[in-house]
Structures are given as structure tokens and as C-alpha cells.
Amino acid sequence: MNMMCEDKIISSNNKELMDGLSAIEDYGRSGLLPALHLAHNLFGWVSEEVARLISDVLRVPIADIYGVIEFYSMFYSERVGKNIIRVCGDPACSMAGSYNILDDLCRTIGVELNSVSGDGKWTVEKVNCIGLCEYAPAALVGTKSHLDIQPKNFEWYLDSKPKPISRVYGDLRILTRNCGSGQTCDLSDYLSSGGYKSIEKMVKQFTPQMVIDEIKDSGLVGRGGAAFPTGIKWESAYLSEGSPKYVVCNADESEPGTFKDRILMEDDPHQVIEGMIIAGYAIGASKGYLYIRGEYFEAIDVMRNAIDDARCAGYLANNLYQSDFSFDIEVRCGAGAYIC
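Sequential numbering from 131 applies to the sequence shown in the working numbering.
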């Protein structure tokens, strides 16, 4: 690429960066992750110039910005390859031969681990679990998942890969009733299976305490290791005097062998949205945050599209069904560190 063409691209990206930062400048420090993701999407890394621009717009000390970049493994303060290959090195994948695949990959491309190839196209990294354990050994090439990698296929990273089909087992399918078909359950499919019907009934016939009582009576517990009773958690938030209140849906599953949230988000996103709406009504929140780990590129896209569809259909809106209840959801993305 000649310098004039490259300068035009950089100039165009700078304008897009400024437009994006202007949209979140009121966020202050809480806009750091969105700002850094924006910079990486545009440039592939964060230069000193870009870091100072983010610092000025968000009014955050430059040292804090570099602290966030250094904390998250998917953020970079130095140039990396145009394409980043992240090979999983955690138990499921390493037992399936990912370390040999990693060695072969570096030899094939002609690059050392965590460095940039001579042509500037590639950076290869060994990373922690990427949530594709059922397809071990697995890797991410840019935003695309590569599954069941064969050790003798030395150019697997060049293959174009379709969306993986979730592997769902068992006869009792409640949470996963719409999962495993190979297709995302879109809004029309979700509505035809009874989706969102509970929202109108809830706001017209139930008080928040009645919803909480239903959840407590059901015996529903959290899906994490603690299995904390959901009804008790919601009731504590409902009775809290603090304001405003928020629903935070934690999809930052990063323990090796854990990918339950990914399957729900990729295959049945509206079920996640409906659950957050119900939680918001129960605790008195008008805003929800869906925090998705940075390695889940497919899930991030699917959830954002589903949220847009839910807004257009009026399920994320002000004064739902002419009630006093309003609710909306914002997706926030991690960047390669296990937070919660």
C-alpha cells in the first residue's frame, strides 16, 4: 500500500474514532472499554496519539488508560500483525494437542510466539480458555472460530469457517429448547415458540414482589458454582434503597470447560433478553448491562442484533404496555481477562 493511500485510511479512521468517542464522552472512566475496543477495531492497536486522544475526551489520566491496556490481553500498545491467531492452551485443548499445533503454526508462518511476521500479516499467541472446549483443539483467527483443528493440516488458519453448531445433549430441554439446530433463534422464531408473552402478563398482572415470590417458589438458583438462590438475590436488590438500579448479566465465563452462556447467547439470544427484562421489572431497574467476554465474537454480534430487534419490536422500550416500567440493555465487552 502506498503512503498516500495509507494516510487516507488513517485519516478516515481518525474521524470515525472521534465520532465514536464523542458518542461516549459523557461516560468518563466507564467508557474506557468501549473506547479501547473502538480503537482496536479501527487500528488494531492503541498508539500513544490515540491513547492521549481517549484520555482527553473521556477525561481519564493517560496512566490509567495504559493500565487497562496492560491488564487485558486483547489490548495492545504496540503494533501487532494484521491478523491475530489465538490458540487455546488450556486443559481441554492442550490435551487434544494444541501445543503441537502451536509449534507447527509458528514454523509454517515463520513467526515467533507473540511477535509479528515479517510481512506484518500475522501474530500468533497462546491464550487461556476461549470457551470452545467441546471442539478442542480450537483457536480464534481474528474474529472467526476454528474448531477440531487437525495437526497435519498446516494451513488450517487460512480456511474460512462457518458458525459452529452447538452440541446440546439430553432429552430434558428447558433452557436449551431452541439450541443446537445450527441456526440462531431469531425474533419471529422466538415469538412463535411463546417468547416474550410473559412480559405483557407481568407488567399488567404482577407486582415486582409477586414476580420475586414466583422466582423464590420455583427454587431457581444461579448457574455459577455458588448456586445462590435467585429470588433472594432479586429481593435484596428490590428492597435496597439505592438508586438507580441496574441488571448486570454476567457472560464472562472463563473457567476451563465452561461454555454454557455462549450456547444460549449464540442460539437463543431473546431468551437472555427476556430474562433480563423480567429481572429489571422485579428489582426496579430501567437499564441492564450484558457483559460478554471478549473472545465471544459471534455471541457479541448475535446479542447486539437481537437487542436491536427487540427494541424495534417494542420489548425494550419506555412505558412497556402503557405501564410505568421502562427497560433497555447495553452490551459491554471484555478483552481477555477473567473478571467475574
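Check the hints yourself; a few may be wrong.
[To be verified] Here are the simulated lysine to aspartate or glutamate pairs, EDC-like style, with alpha carbons at most 16 Å apart:
1) K282 / D233
2) K375 / D249
3) K145 / E155
4) K212 / D249
5) K256 / D233
[To be verified] If you anchor each label on the Cβ, the simulated ranges turn out as follows:
6) S207 / I295: 23 to 31 Å
7) F358 / D289: 41 to 49 Å
8) D249 / E460: 33 to 41 Å
9) G405 / E146: 29 to 37 Å
10) S322 / D458: 38 to 46 Å
Calculated from the structure, these hints are not laboratory results. Keep in mind the model is a prediction, meaning the values are calculated, not measured. Yeah, the Cβ is synthetic: ideal placement off N, Cα and C, and Gly gets one too.
* Unsatisfied constraints (hint numbers, rising) -> Failing hints, ascending: 2, 6 and 10.
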